[in-house]
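All chains should be built: construct the whole structure from the sequences, respecting the hints.
Number of protein chains: 4
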Amino acid sequence: MSETEIVVRYAETDQMKIVHHSVYAIWFEAARTDYMEKAGYPYARIEEEGLMLPLSKLECKFLSGARYGDTVVIKTFMKKITPVRLEIHYKAYRKKDSALLAEGITVHAWTDSSLKIINLKKKSPALYSLLEKEAGADT
Amino acid sequence: MSETEIVVRYAETDQMKIVHHSVYAIWFEAARTDYMEKAGYPYARIEEEGLMLPLSKLECKFLSGARYGDTVVIKTFMKKITPVRLEIHYKAYRKKDSALLAEGITVHAWTDSSLKIINLKKKSPALYSLLEKEAGADT
Amino acid sequence: MSETEIVVRYAETDQMKIVHHSVYAIWFEAARTDYMEKAGYPYARIEEEGLMLPLSKLECKFLSGARYGDTVVIKTFMKKITPVRLEIHYKAYRKKDSALLAEGITVHAWTDSSLKIINLKKKSPALYSLLEKEAGADT
Amino acid sequence: MSETEIVVRYAETDQMKIVHHSVYAIWFEAARTDYMEKAGYPYARIEEEGLMLPLSKLECKFLSGARYGDTVVIKTFMKKITPVRLEIHYKAYRKKDSALLAEGITVHAWTDSSLKIINLKKKSPALYSLLEKEAGADT
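Residue numbers (this note's numbering), protein chains in the order written: chain A, 51 to 189; chain B, 51 to 189; chain C, 51 to 189; chain D, 51 to 189.
To be clear, the hints were calculated from the coordinates, so they are not data collected in a lab. None of the values given here were measured: they were computed from a predicted structure. Take the hints with a grain of salt, since some may be wrong.
Each pair may be met inside one copy or between any two copies, as identical chains are not told apart.
Calculated lysine-lysine pairs in the BS3-like style (CA-CA distance at most 27 Å, straight line) [claimed, not checked]:
#1 K67 <-> K173
#2 K88 <-> K67
#3 K146 <-> K111
#4 K172 <-> K130
#5 K171 <-> K88
#6 K130 <-> K173
#7 K107 <-> K166
As structure tokens, this is what we get:
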């Protein structure tokens, strides 16, 4: 599990005066970038190895609106890792009162740089075993 | 059901050379705006009546990446309407070969302008019955 | 000169209830994509030839706010072409009353796919002479 | 002057594998939010007083592309304040090698919540004199 703080940007609000729902997917991505950075395997390095991690699925429940002026804390949990798939869970909280704003799940496929599915366990055993360990700790 | 054409914008791509997954939520929104426009009840008018329609849930499966140069067709289906809730389904296709790119669901709450839940059937019976009719036709 | 219609997206508004200023750069890009499409040389083809056109400069004056519900018309003018540089001008109008919303300029460098400056006249004489003709007509 | 660190988000890249130029306007905005926060007058408070600060002009020169994996440092300079206008300058650097990525200017109008121009010196003398002091120090 890792925690990532995000300061709401003005551009992220919409005319409902809350953060637009599409932004949570971007925050979740920033949070998993931060997770991998802290786990010692930056996502930029994963791409340098010729691996990509496109989404196959996104789910998000919105419970309360984040507002400009808020700092948001994203808790990121590595949930399931298989040789072809990765599942990550997220909880977004408003920092000042710990209110739960949103909960999300992303499911990813492991691919090469031309977006063809690959077997991560064979292609990058070190990354695979790191994620296995993380998933074991977070679940 | 309505169909909405969207031309991929360069800014919507990411360094995987496909459209970033967060963009589909924005396209779905543009598609439901277009749906309501065609149904004769523009979403801008809904907000003028003091009603808002924030998301409570988003689900999206990504099957193939949209690319710069593609035109995307979104088919939008009004699925379920209750006095407090609206569910809409979407299918995004690549226009040139009809490949299915993504399938999504948005669930919305009906609220007033301060984001408090309201009963749509009481607050705007005309809109409620229009949506009921649409949902009947689309399901 | 080409004209491109853009329907304001809800996600493009911010809590001032107008379209966020950063969006105009995205609209200008969509408008020049459309320009090149209509000129018979789609920008996607330019990239397939190994050419890229990153911005070196952006200027925009904002005169009136676009709102959700508006359709915006972008007029795009090819202004100056040299072997290493392209300058394009834009005027954004609100469709319903022709109010001028914004005026912009983008200046681009011609590069190869690794972002190194190239000489367009040598690399792609056909594209160069097309743009020269367009710039002659638009200025 | 204030310094704001920004971690590049994957969603901010485009298929040129650099950060899309429209993102700099969003970063500049995040940087001026941070500036005002540090100056003890958060922008969210300015809006609570019924004041808004829409852009009337944006200029940006792009010198080198930011990439995913980069941390960017924005230096923000309060440049000119008049009762009806505010001008802010920005320099964006890549943190790891201090390379200058972009330089920008935003010019803002002071308005009330319905976007009508107001005289800041009369409407909020405390904010006006704070900005005058900051502009004196930054110029």
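Results for each hint:
1. In the homo-oligomer, the alpha carbons of K67 and K173 lie at most 27 Å apart only across protomers (22 Å), although the nearest pairing inside one protomer, at 45 Å, exceeds that limit.
2. Taking identical chains as interchangeable, the C-alpha atoms of K88 and K67 lie at most 27 Å apart only when they sit on different chains, with a minimum of 23 Å there against 33 Å within one chain.
3. For the homomeric pair K146 and K111, the shortest alpha-carbon distance inside one copy (21 Å) is at most 27 Å, but the shortest distance between copies (33 Å) is not.
4. Taking the closest pair of Cα atoms, K172 and K130 come within 27 Å of each other only inside a single copy of the chain (17 Å); across copies the shortest separation is 45 Å, beyond that limit.
5. In the homo-oligomer, the alpha carbons of K171 and K88 lie at most 27 Å apart inside one protomer (21 Å), although the nearest pairing across protomers, at 47 Å, exceeds that limit.
6. For a Cα distance limit of 27 Å, the shortest separation of K130 from K173 inside one copy, 18 Å, qualifies, whereas the shortest one across copies, 45 Å, does not.
7. Taking the shortest Cα distances, K107 and K166 sit within 27 Å of each other inside one copy (17 Å), while across copies they are farther apart (30 Å).
Checked against the numbered hints given earlier, the structure satisfies every one of them.
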